[in-house]
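J.: Sequence:
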Amino acid sequence: MDPQNRTIGEFDSLDIFFTNRQPICPSRPTGEFKISSKLIALVEQHQFRGLEEEQPIDHIEKFEEICATRRCSGVSEDYLKCTLFSFSLVEKAYKWMRALPAGSITTWDEYKRAFLKNFYPK
Numbered sequence: 001m002d003p004q005n006r007t008i009g010e011f012d013s014l015d016i017f018f019t020n021r022q023p024i025c026p027s028r029p030t031g032e033f034k035i036s037s038k039l040i041a042l043v044e045q046h047q048f049r050g051l052e053e054e055q056p057i058d059h060i061e062k063f064e065e066i067c068a069t070r071r072c073s074g075v076s077e078d079y080l081k082c083t084l085f086s087f088s089l090v091e092k093a094y095k096w097m098r099a100l101p102a103g104s105i106t107t108w109d110e111y112k113r114a115f116l117k118n119f120y121p122k
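So for the sequence shown, UniProt numbering puts the first residue at 1; every next one is plus one.
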């Protein structure tokens with residue numbers, strides 16, 4: 001339904017509430033896959049907060065280095081990076097990611113560009 005033709009009650013419906021509001025939506029692998037909890041923990045050890053003294057390029061390089069050391073069967077590199085990168089963001093950086101429009105990022109390149117555009121000092 002066209003958003004301009006909705007009633008106030010329709011905006012409060014469960015359909016609206018349960019729609020995918022995730023900003024990061026890479027193409028999901030078709031088969032079964034598993035991203036190891038050890039890999040997630042490794043990414044979480046190198047978190048970016050979004051503080052001025054942090055170096056976003058260094059964070060991206062370290063993250064890509066971690067991803068390059070591990071492979072997940074049945075998972076594309078693009079999907080893996082898009083999925084894992086959110087685990088490396090906390091505080092201001094996490095809030096930035098959650099504020100992105102739903103479905104606005106679908107590739108690692110888009111995610112990296114948006115991240116650097118927001119956090120790289122000019």
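By construction, these hints were calculated from the structure, which means they are not laboratory data.
The model shown is predicted, which means the values in this text are computed figures rather than measured ones.
Glycine is no exception: its CB is placed at the ideal position from the N, C-alpha and C atoms.
Among the clues, some could well be false.
Straight-line C-alpha distance at most 27 angstroms; calculated DSSO-like pairs for lysine-lysine [claimed, not checked]:
| no. | residue 1 | residue 2 |
| --- | --- | --- |
| 1 | Lys38 | Lys95 |
| 2 | Lys34 | Lys62 |
| 3 | Lys38 | Lys62 |
| 4 | Lys34 | Lys117 |
| 5 | Lys92 | Lys117 |
Pair by pair, the computed Cβ-Cβ distance ranges are [stated by the list, open to error]:
| no. | residue 1 | residue 2 | range |
| --- | --- | --- | --- |
| 6 | Gln55 | Ser86 | 12 to 22 angstroms |
| 7 | Glu64 | Cys25 | 35 to 45 angstroms |
| 8 | Ile35 | Asp109 | 40 to 50 angstroms |
| 9 | Gly74 | Leu51 | 16 to 26 angstroms |
| 10 | Lys38 | Ser76 | 13 to 23 angstroms |
| 11 | Asp58 | Asp109 | 26 to 36 angstroms |
| 12 | Ile57 | Ser104 | 20 to 30 angstroms |
| 13 | Leu116 | Glu32 | 11 to 21 angstroms |
| 14 | Thr30 | Lys92 | 29 to 39 angstroms |
| 15 | Val90 | Ile35 | 13 to 23 angstroms |
| 16 | Lys62 | Ile35 | 16 to 26 angstroms |
J.: Holds or violated: 11 to 21 angstroms for the Cβ distance of leucine 116 and glutamate 32?
T.: violated (33 angstroms)
J.: So if I understand the rule, the pair passes when the alpha-carbon distance is 27 angstroms or less; does lysine 38 with lysine 62 pass?
T.: holds (16 angstroms)
J.: Taking the Cβ atom of isoleucine 35 and the Cβ atom of aspartate 109, is their distance within the range 40 to 50 angstroms?
T.: violated (20 angstroms)
J.: A range of 13 to 23 angstroms was offered for this pair. Does it hold for the Cβ distance of valine 90 and isoleucine 35?
T.: holds (19 angstroms)
J.: Does 12 to 22 angstroms hold as the CB distance between glutamine 55 and serine 86, or does it fail?
T.: holds (19 angstroms)
J.: Hint says 16 to 26 angstroms; check whether the CB-CB distance for glycine 74 and leucine 51 agrees.
T.: With a Cβ separation near 36 angstroms, glycine 74 and leucine 51 fall outside 16 to 26 angstroms, so the hint is violated.
J.: Please work out if lysine 34 and lysine 62 have their alpha carbons no farther apart than 27 angstroms.
T.: Satisfied, since the Cα-Cα distance of roughly 22 angstroms is no more than 27 angstroms.
J.: Can the suggested window of 35 to 45 angstroms be confirmed for the beta-carbon pair glutamate 64 and cysteine 25?
T.: violated (20 angstroms)
J.: Is it true that the C-beta distance of threonine 30 to lysine 92 lies inside 29 to 39 angstroms, as the hint says?
T.: holds (35 angstroms)
J.: Under the criterion that the straight-line Cα-Cα distance not exceed 27 angstroms, is the pair lysine 34, lysine 117 satisfied?
T.: Violated, at roughly 31 angstroms.
J.: What's the verdict on lysine 92 and lysine 117, does the C-alpha distance respect the 27 angstroms limit or exceed it?
T.: Holds. Lysine 92 to lysine 117 sits at ~15 angstroms (cutoff 27 angstroms).
J.: Look at the Cβ atoms of aspartate 58 and aspartate 109 and judge whether their distance stays inside 26 to 36 angstroms.
T.: violated (19 angstroms)
Of the numbered hints listed earlier, those contradicted by the structure are 4, 7, 8, 9, 11 and 13.
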